[in-house]
Each structure stands twice: as C-alpha cells, then as structure tokens.
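*Asks:* Listed here are the chains, written in short residue letters.
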Amino acid sequence: MITVLAVHFAVAAVAPLLFRKFGRNSFFALAAVPAASFVWLLLQHDAVYTDGAITEVVPWIPGLQLDLAFRMDALAWVMSLLVLGVGALVLVYCARYFENKDDYLGGFGAQLLAFAGAMFGLVTADDLLLMFIFWELTTVLSYLLIGYARTRLSARRSALQALVVTTAGGLAMLVGLIILGATAGTYRIQAILDQAPALVAGPAGGAVNAAVVLILIGAITKSALVPFHFWLPGAMAAPTPVSAYLHAAAMVKAGIYLVARLAPGFAETPPWLPIVLGLGLATMLVGGYRALRQTDIKLILAYGTVSQLGFMTMVVGLGTPEAALAGLAFLLAHGLFKATLFLVVGIIDHQAGTRDIRELSGVYGSARALAIVAAIGAASMAGVPPLAGYVAKESVFEAFIEYTSASGTGPWLLGGVVLGSILTFAYSARFMWGAFAFKPGVEPTDFKPVKPAFLAAPAILSLLTVLYGLWPAPVDGWIQPYAELFVDGSESSPGHLALWHGLTPALGLTAVTFVLGLAMFYGRNAVARLQALVPGWIDSDRAYQNTIGALDDTAVWITGRTQRGSLFFYLSVILTVAFVLPLTALLLANKPLPDGLYFIDPGAPLQLVAGAGIVIGALAAVRANKRFLAVLMVSVTGYGIAMMFALQGAPDLALTQMLVETIILVAFVLAMRSLPPGLRDRTGGKYRVIRVVIGLAFGVTMIFVAIYALGARVATPVSLQFPQLAYEGGGGLNVVNVTLVDIRAWDTFGEISVLALAATGVASLIFVRGRGDRIRTSATVAEGTVGRRTGARGSTRDDAALAMSRRFAAATSDAWLVAGRTLAPERRSIIFEVVTRLIFHSIIVFSLYLLLAGHNLPGGGFAGGLTAGLALTIRYLAGGRFELREATPVGAGTLLGIGLATAAAAGMTPLLLGGQVFQSAIVELWLPVFGDIKFVTSTIFDIGVYIVVVGLALDVLRSLGAEIDEHFEEPAEPSEDEDSGRIPAEATVEADAETTSKGRT
Amino acid sequence: MSVNLTLLAVMGALYACGIYLILERSLTRVLLGLMLLANATNLLILATGGYAGLAPIFDKDTPAEDYNDPLPQALILTSIVISFAVTAFMLGIIYRTWVLARQDEIQDDAEDRRVAETPSFDAEDDSVIPVETSEFPLAMVGSDGAGTNGTAAVMSGGRPMRADKAASEEQPGSLNVDPRPEGGEE
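Protein chains in written order, with my numbering: chain A, 1 to 1001; chain B, 1002 to 1187.
Bound conformation, chain A alone (with noise of 0.2 Å):
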C-alpha cells in the first residue's frame, strides 16, 4: 500500500517534465500507475478477503503515537476500486479533452494524479491523524483543480469556497478525531473500532458523543450534505473531467467513506442516526428539487450528486446489516453512472461548446454511441433494470422496508427515500432529454464528431454498470464481510444483491417511483410553473456569500479600530492595561502594607540626596526643550543612578554604569550633531494630559506593584550561596564577576551576542552597505584636510585666528597623534592632543587591568572594555577619523567576531575535555617575575566579553562619529550613496597637495 502511494505521488512530482517532452499523451503515462495500482489491487483480493485485512505499519513519530499504519480490509478495499479505477479512466479521458496548447498541463495533470494517491491514501489509513493528513491533502489539491482556470473569476472563487467550506469542517473533525483518539487511548482507527462499544457505553460517552458530532460535522461539509450543500455545485468551474472524478469516486466520497468506517462502531451513539438520517433526507430531497430546475446539464448532475449523497449518507450511516450492504452497493454504482455521465458532459461541452439544454438540440442524431453510453449511465441513475443503480436501489429499499419496523420514524424515512428517488428519476429524464433530445423551435446543435479514444472511458464505465446489474454476485460478495460488521447475534445476515427478488415490497416501491418519476418529467412544464411560483427559498450560497463578507467587514471594522498606524495609540493602549489590570487586582485583593517598609536605609542614608538628584535630572529632562540640555539632564539621572549602586554597596554596577554614562553621552553629540538643537514638543493639548495621566499612574502602579512583590517573598534568596559557590567552584572574590562568567555564564553568552548583533545594526544603520572597516590609513591623506573650514573667508578675525592655527601646525615637527596632522589646523587642539598621548596607553593598560582583576575586585570584561572604548572616543575626539583608524588596525567586525569566538571557545572546550559547558577549572603556576599565580579559566571567557564590548565602542565610534563626520564634510554628495572607496577629503587633496610641500611624517 505504502508503495502503491509512494509511487502515485513520485509520478505526480515528475509529471511536469513529462509534460514538456510528451503534451496531453502524457496523461496516459499517468494514467498507467493507477490502472497498474487497481490490477495490484485485484490482486490483493484473496489476501483481503480471506485473512479480513492485510495491514502494513511503519513508524513515522513515536513520540505522537503516530505511524504511517495503513490497513485494507474488505471497506477499504471497495472503496479503492472506486478511487484507482475511476481514476485511471478520467486521466485516460483527459488525454483527449485538452489540447496540447493548454497552459499549465503538466501541474494539473500532477494534481490529478496526487489526488487518486490521496485519496487511497485516505480510505487506507488505518491511523485518526494519517486519516486526516490524506483529507486535508483531498482538500488542497481540490482547491487547486477546482481552480485550474485560474483567470476565470468563478474558477476562483468556487476553489475558494469549497477550501474554506471543506477545512472549516476538516478542522472541527481534527478536534473530534483528537477527542476520540485521547479517549480510546489509541489514534488506530480498527483498535478504536473493537473497544467503540465499551468507550459508547463507559464514563467518556459525553465525550464520545461530542467526537462523533464533530467528525460528523467534517463528512458533512467534505460530503456536501445540507447546509453545506452549495459548494459542490460551485466546484463545477472546474474542468468536467475533474467535476467526475471529484463527484463519483474521491472528494465528496470522503465523507461517505467516514461515515461507513465509523458506522459500525458509532452508529449507536445518541447524536449519530438525528444527523446522519436528517441531514441526508433534507440534502437529498433539496438537491433533488434543484437538479429539476437547472438548465445546464452539468449543474443538473451536480445538483444530482448533491441528493445523491444525501441519499447515501442515509443509508451508508443507518447502520444495520442490510442498509450497509445496500449502502457500499450504492456507492458504487453512482460512482460508476456519475463518473460516466460527467465525462459525456464533457464531450458534449467540448464538441458543441454548450451545456445549456435550451440551445442543445438534436445531438442524439449526431453521436448515437455517445447518447447510448449517456442512456445506461442516467438509467442506472434512475433505477432502471437491469442496471447497477436498480440492483443497489432496490437494496436499499429492502433496508429502509426492514428499518421501518424497528423505529417510528421509519415509514416517513421510506417516504422520504421514495420521494427523493422519484425526483431522481425525473431529473435523470429530464438530464437525457435536454442533452439528446430533438427539441422543436431549436436549432440543431453543430455536433462534432466523437473519437473513439474519447469515448473508451465513458464507455467502459457504462459497460461495468450493465455487468454490475445483470451479475450483481461479485460484487455482493465484496462488501458482506463490510456488512457482517452489523450482525449482532441476534440478528439476520445482511442479505444479498440480486437482479430478482421476487414480488416484494421494494419492487412496488421501484413501480411507483417509475411512474411518478415519468408523470413528472412529462409535465415538467407544469413542474417549472410550480418551482417558480415558490419563493426564494433561504439560499445558503448567499448565506455562504454573507457570512464570508460580514466577517470581511468586521475583520476591516476591528483592524481599523486597533490598528490605527499611530504609536501613541498603540503605547496609550498597552500601557493602560499595563497599569490598570495589576492596579484592579490589587485594589481587589485588598491586602495590608507587608512589613519591612523603610523610607532611610540605615548603611546608606545618602540614598535621600541621590535620589533627590536623579528626581530633578528626570524632570528637567522632560521639561526640556533643548536637545542637548534633554540628554545632559538622562546623563544626570543616569550618573545619580550609579551614585545609588555604590551607595546600596555595588562598585561593579556604579563603575560600569559611569563608563557607559560616558560613553552614551559622547555617542549622544556625535549622532545627534546634525539635528536640529531644538526639540518641540510636538504632541500637545489634550494628549499631554492623558500622557501625564498614564505616565503618573503607571509610575505609582510600579511602586505599589513593587512594594507587594517585594513584601510577598518569603524564601531564603538563593544568592545567599552565591558568595561561598563564586570562592570555591568559580574560584574568583568579586562575586558579581564570577556570577556573570561562571554561574549565569550563559546569560552573559546570549548578551553579549546581542551587543554584537546591536553594534553590526548601528553599522548597518549609517554605512547602509557594508560594515565600514574601510577607512584609509593616515599616510595616504594629505596633511590639513580633514574638517577644513572654508566659510570663514569673510570674517578678519577668523582670518586671523585660523592663519595662527595654520602656523603652529606647520611649525610641528613631530606630531602628538599619528593622524593629528590630517585635521584641518583650526581642528586642532595640540593640548587635547597632548593629554590624549600622555593618557591613551595609561587608560588601556587600566583596562587591561580592570579584565584581569575583575575576578577578585571590582571591574571584569564589560568595565575594562568600556575603558578601552572610552581610551579610543579620547583618541578619535582628539586625532579624528583617521587617527582611529591607526588606532585600530583591526576591523570593528572583526573584533566583535573574535570576542565572539573567543568566548564560546571558552565554553566549548570544556564539553571537550570531557567536563560540561561554561565548566571552569583553577589553574595554580608559578611565573618567574609574577610569582605563584591562580588563573581561573572563566577569565577567557571575560575576555572574550571585553572583546566584544570594545568592538561595540568602536562601532558607535565608527559609525556616529567617523561617518557621519564623512556625511558633514561632503554635504553635496547624497549620504548614502557613497562609493567604498571614496571620501569626502578626496576632493580637495589635489588642490592641497600643490600648496602644501610638507610631507608626511
């Protein structure tokens, strides 16, 4: 079986190359592997039917309880008769409905063919879920036929329609499906089967029964039953050939197949036989009424099927032995009269260009074999001897004669069947009339001739029907082990399909549908009067249309309502629920002020004056309107801040925290040069107040969130082994330190990933391409003409001041930075310049100190790598761009990468060595000047962490700094658009070159 798939769909996945080379013949090639599947098949049926069922299990997820199980028993079997055998037949016929110009062969014949494998797929699982994978995959490639016509607006939207309708349902029975799986205990289709009756009966029927309403509700809408219903006749935008094989053998089978699979186990639960019956009978007799009112011959048929499976739904679901072998009976003989008279709707479409019985006329006269296969399929539709359709309705009248004994419903039920079976006769009369008829009035339809290789598989299929009606023993013999499921005991056998039963009930029934069915086809007139004098019955298509486009409304209604665009809304919104879920809770709750609260911390009452500070620095920073005075008054909260840590007893935080105060404030100017040095406050009136509402009771929400959260630990803190755990397994006396490289050494990991990822955005963000390690060293730029002013030309005392400048620059001979002499003179400052040599080495070599150190006393790889990143702001500040680049000879991206590598070195080459990740060992060594030494090898994780940090200084030193200095000094040139390897002073150096003579240092 597996391999009978496997090959469906690896052909399918090849036919588009087929295609290309071979045209529309290649659908014979497609055709071939389900013909082979269905000889295979026949082959099989000793197999199946004398062991009950060959299965085959592979594992697929253990941990879901889900294999690849598929199980052919004598259901499963029948059914892929039906699915292979029509399927060969349709391929073949498509082989001569398109032509070879048609677009988008190769991917439908594909679909097709992936279609037959799905559904054997579908009637073979023998596994809930495997089951559903198989549906859901009927539905999408459903949904892709249906819509082959994929510049027809119909083709489109009926796709659509019968994806949304048929996965709406797919997805309540995937929840049915899970909740009887969960309480069988089993997703094994056959082992839920034998324990139904048990699980029906036990403490989880209300849950069992709620399954079967919602698997039920899935075969519903696959099957098209009422409400369903309208998407069927909808799929007929799709290509006839398709239209046959979705109607007669796979798709709308489906629910048909999940019905006759549950059936034997289920049809005792309360909600099975209200639905099943009353759904069926309202969908038959609805499609039945509808079909007579059509004037296309296809949606005559489509409408046909639609009662048709009603009418099976009824009988496949009644669940006795008799309507069981009545209903496979049926199943298969409308799939062989559908199959067959879909296909002569499509010769007839393809040869007269119409479907439309008001303008065909005459076809008869032109194509006699076509009309004939046409004849025995709609006969058989109608239940006339000695075909399949009056061998398997005759059954079925048997089984609902039977039923009506054992319920009170079951004469209105045999009434309904009878009504709806008269119906079917007539519009099967009334399908061959308006396709073959000689219609007075009508101009006779220009028939083309029919090939006999576009006939074959019409034919063959009608030719099955008369061997199934006269030699009905077969085929009885293929569903009684089915049907014997039913047999309780007690009862009788199912009893068998025969051509001759004798003069019974069932064969007076069949008699009154004859005439009835005749005396309506031939007062048809008199029925359209009536059909039109009823009025608009409620019309799901519309509901259908309505229902999608009220949803439509409201999902645009809500998205306008929410998603407004405005980031203020958007903050506005969450930060008030932000605040007034938790301030509700606890004005609810109610609880008293826990204890321990305290205004002045006894170690630290300092606390009061810098907290006074950081108060003010925030209000003045809100209040400012100056840009810079705004991130000044940040700065001072934010050094406040580090005030707080070391006063509460945190060097490492107030140290870290002054350095990247620093920093930030530097990155600050550099970037925000350019900008305008005002700052409107831009969203006034009435959104101030509701700022200051929010941002009032949000603060006061935290204070009182925090007071409670705080109070309501009653644990002993964890870090309390913190100290001893950082001396003995870490190794290490700042236990700060160790935490971060040792004991959370992974957060430190993931944070310094993200400083990298951070510092390649800012890049990113100012050079647009690349990363920018492309700045030229200092020997190749002409000395003075970096920032050269030139506005101030017309001032005498800038005049003066800047010819000074240029003097002294002149007059060094040795300069202090290595790039100090690129800067325009009036850039300079020599005292900046000197300081910055004297300190720079004084600064990293601290650094290095603070890494190293760090372990024991305050500092470790995020200090000594913003110290490094604070020596290298002072030598770009005071040498410019380039002296940077002398600075760091190596790229920012570079670094970052090394940091990077360095630190999962040090915590993968432990798990090397045998030990686990981040694991740190002590190294104890004597070194002739240091003396004995304890390395600890968490420190090369720390430097990987300085490492890191110092690129992320470099890149913002890079990028808000020597960028944007290029952006300023080349104001003509778009920003953005820069070439690599250009830059701005490159436009002056020829100029300067001449006036200069002095060489480089």
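No false leads were slipped in.
Covered stretches of chain A, as calculated for chain B (at least 3 residues, CB under 8 Å):
id, stretch
1, 545 to 555
2, 693 to 704
3, 851 to 865
Below, simulated SDA-like cross-link-like pairs (lysine to any residue); rule was C-alpha separation at most 25 Å, straight line:
id, chain 1, residue 1, chain 2, residue 2
4, B, K1061, A, G931
5, A, K626, B, R1026
6, B, K1061, A, F935
7, B, K1061, A, T937
8, B, K1061, A, G603
9, A, K686, B, A1111
10, A, K439, B, T1134
11, B, K1061, A, I922
12, B, K1061, A, I933
13, A, K591, B, S1003
14, A, K934, B, K1061
15, B, K1061, A, D932
16, A, K451, B, F1137
17, B, K1061, A, V718
18, A, K626, B, R1097
19, A, K626, B, A1102
20, A, K686, B, D1110
21, A, K686, B, L1028
22, A, K626, B, T1098
23, A, K626, B, F1090
24, A, K448, B, F1137
25, B, K1061, A, Q721
Bear in mind the hints are in silico, worked out from the structure with no lab data behind them. Think of the CB as a built atom: it goes at the ideal place given N, C-alpha and C, for glycine as much as any other residue.
Start from chain A and add chain B according to the hints.
*Replies:* Below, chain B without anything else, positioned relative to chain A:
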C-alpha cells in the same frame, strides 16, 4: 522582606517621566524615555536586593547576609550594557531617519490607515459572476447562429477578437488568454 521606599519612589518617578517621554512623537524624546525606563528598571531590580550592604567581594569571615545581594547586581550589570547597545542602535535609527526624511518624528503608518478604509465591496469576492454554460465559451457564438460568419467580435480572455479566431482557440478553462492569437495569424 525589606522594602526600600526611597528606591521605589525614585523608581516610580523615573517610570512616570520615562512613560511621559515615550508617548511623544519626537524620536529623540522616545529614546530618552527608554533610557529613563531602563534606569527605573535597574532601580527596581536593585531594590530586590534588600538593605544596602557590603560590596560582594568574598571574605571568608563575612557571613553571606552582610553582602549586598550579588544576584540582582549581576542582572543589572547585564541590563546596563544591553541598554547601552540599544541606545546606540536607536541613535543610529534617529540619524538615519534624519538623513532620509529630515525629521526627528515618528510618522503614522499610512498603510494602516488605508487598510482601515477598505471598502466592504471586494471585486474578487462580491462581483457578480456571469452565467457560463461551457468551458469552451468561444464556440458558443456559432451555436446560436450569430457570429459564424467570422466578423462578430467576442470578448476572449478579456480582449476582443474575431469570433472565428476566438472559436478556433478552443480551450478548456479560460486559458484562451494565450498571447499568440491576435498577433500571429492575421
């Protein structure tokens, strides 16, 4: 447990100011607001450490309770550096916005507003489909007698073409939008 109201009061003030600032259109102020929020959060974490204590530098004679709690400190250290990275990134965004649009302002998303004005009529969903009684609609012209002389124009695949040309272009579906027929055969 101990609850330091000074820290919490300062934290509340920072939250209030930060929220006030991020509810502003100016990107710079939003960034400043974010920095205040980060500071406020750091204070909140700091407050979980309880009373001020000794710096957590291990000394074997000092009991663990005398140190200020090292765990919140480690968390805050992480937070400080991450805030730095985020601030730098925001600065990059501010600068780029300025370069591209010459404004330091958060714009409303026009696309969102357009979506909100989507009309309830959608051509794909709601337009009326003409009744089609054949997959080969072009041959239909011949069947009612008109157009067989080859001069009648029909609409095929959205383009007008002569009926005889169109009828010869017999294709299932609506795939008669093949670009060839008009140019190639005249």
